[in-house]
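**Student:** Sequence:
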Amino acid sequence: MVAGGAAAAQTGTTLPAGAPPARSPAPAAPWPSAGAAELTRGTASTSAVRSAGETPGFGEAPAAFTPQAVVGLFVQGCLAHDGELQRVVDWAISAGLEPLDPTVPALQALLEGRDGAVLAVPGTGARVMIAAASDQHCMVWAEQASGPGVRLALLQALGERESRGARVAVELDRQVERAGAWRQQTQWRYRRVGGTDHLIGAVTTLAERPAAQVLRFAPPAPSLGTAPDGTPIR
Numbered sequence: 020m021v022a023g024g025a026a027a028a029q030t031g032t033t034l035p036a037g038a039p040p041a042r043s044p045a046p047a048a049p050w051p052s053a054g055a056a057e058l059t060r061g062t063a064s065t066s067a068v069r070s071a072g073e074t075p076g077f078g079e080a081p082a083a084f085t086p087q088a089v090v091g092l093f094v095q096g097c098l099a100h101d102g103e104l105q106r107v108v109d110w111a112i113s114a115g116l117e118p119l120d121p122t123v124p125a126l127q128a129l130l131e132g133r134d135g136a137v138l139a140v141p142g143t144g145a146r147v148m149i150a151a152a153s154d155q156h157c158m159v160w161a162e163q164a165s166g167p168g169v170r171l172a173l174l175q176a177l178g179e180r181e182s183r184g185a186r187v188a189v190e191l192d193r194q195v196e197r198a199g200a201w202r203q204q205t206q207w208r209y210r211r212v213g214g215t216d217h218l219i220g221a222v223t224t225l226a227e228r229p230a231a232q233v234l235r236f237a238p239p240a241p242s243l244g245t246a247p248d249g250t251p252i253r
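Everything in the sequence shown is counted per the working numbering, starting at 20 for the first residue and increasing by one.
If you're looking for bench data, these hints aren't it; they were derived computationally from the structure.
The beta carbon of each residue, even a glycine, is placed where N, CA and C say it ideally should be.
Careful: at least some of the hints might be erroneous.
Here are the simulated distance ranges between beta carbons [to be verified]: (1) Pro118 <-> Gly184: 32 to 40 angstroms; (2) Arg193 <-> Glu227: 33 to 41 angstroms; (3) Asp109 <-> Val195: 33 to 41 angstroms; (4) Asp120 <-> Arg186: 20 to 28 angstroms; (5) Ala226 <-> Ala125: 33 to 41 angstroms; (6) Asp154 <-> Gly199: 15 to 23 angstroms; (7) Arg228 <-> Glu103: 16 to 24 angstroms; (8) Gly144 <-> Asp216: 32 to 40 angstroms; (9) Gln87 <-> Arg193: 36 to 44 angstroms; (10) Pro81 <-> Ser113: 17 to 25 angstroms; (11) Gly184 <-> Glu162: 31 to 39 angstroms; (12) Gln87 <-> Pro238: 25 to 33 angstroms; (13) Ser113 <-> Gly144: 37 to 45 angstroms.
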């Protein structure tokens, strides 16, 4: 449950060099186990009308990098709209986010080959973005944000939803070394009240120094059947 994840988030520290990652059973995820935190992003061209100033709900540019703002973007954009492309885009435009050119190769990587749209929080230099793709895939990418802070803020948001009747269960929680840094990779199975199952994923750095953080929302990977021992094949 979320409470168990919160305790892990508050005790997570940077592991010494060469320390092995914690091992746990790894259910199939709708994204690579490395997470999008390994993506290399180039300079994105933007067709936005404005590039600085206040963004409704997210504040001035420096405030957009706070854990609360990053998680707020994910909750208000991805979770509140079940990751549905048109609903996410309509909300983002009304909230003042700036559309980016999705044909830029680095932004295509955020969409993972799917049709979709990428929008940035104004004044962040496209370092805080939301990517909405087909098939209910939605992601928030935030550079220069605190990994432990983003993780804790997400746990608090999920805990609040759980207290209102949503079902939230940890499926995967491990520490991995990716792109020269230790990261916490967590996956939850999530079902809002009256909704269907989806997966929420977070790839956040363990160190306090600002870095790239990723939050994701997606439908569960389809089951390929049942093994002889009764476990699902994915």
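**Student:** Which hint numbers doesn't this structure obey?
**Tutor:** Hints 2, 4, 5, 6, 7, 9, 13 contradicted; others consistent.
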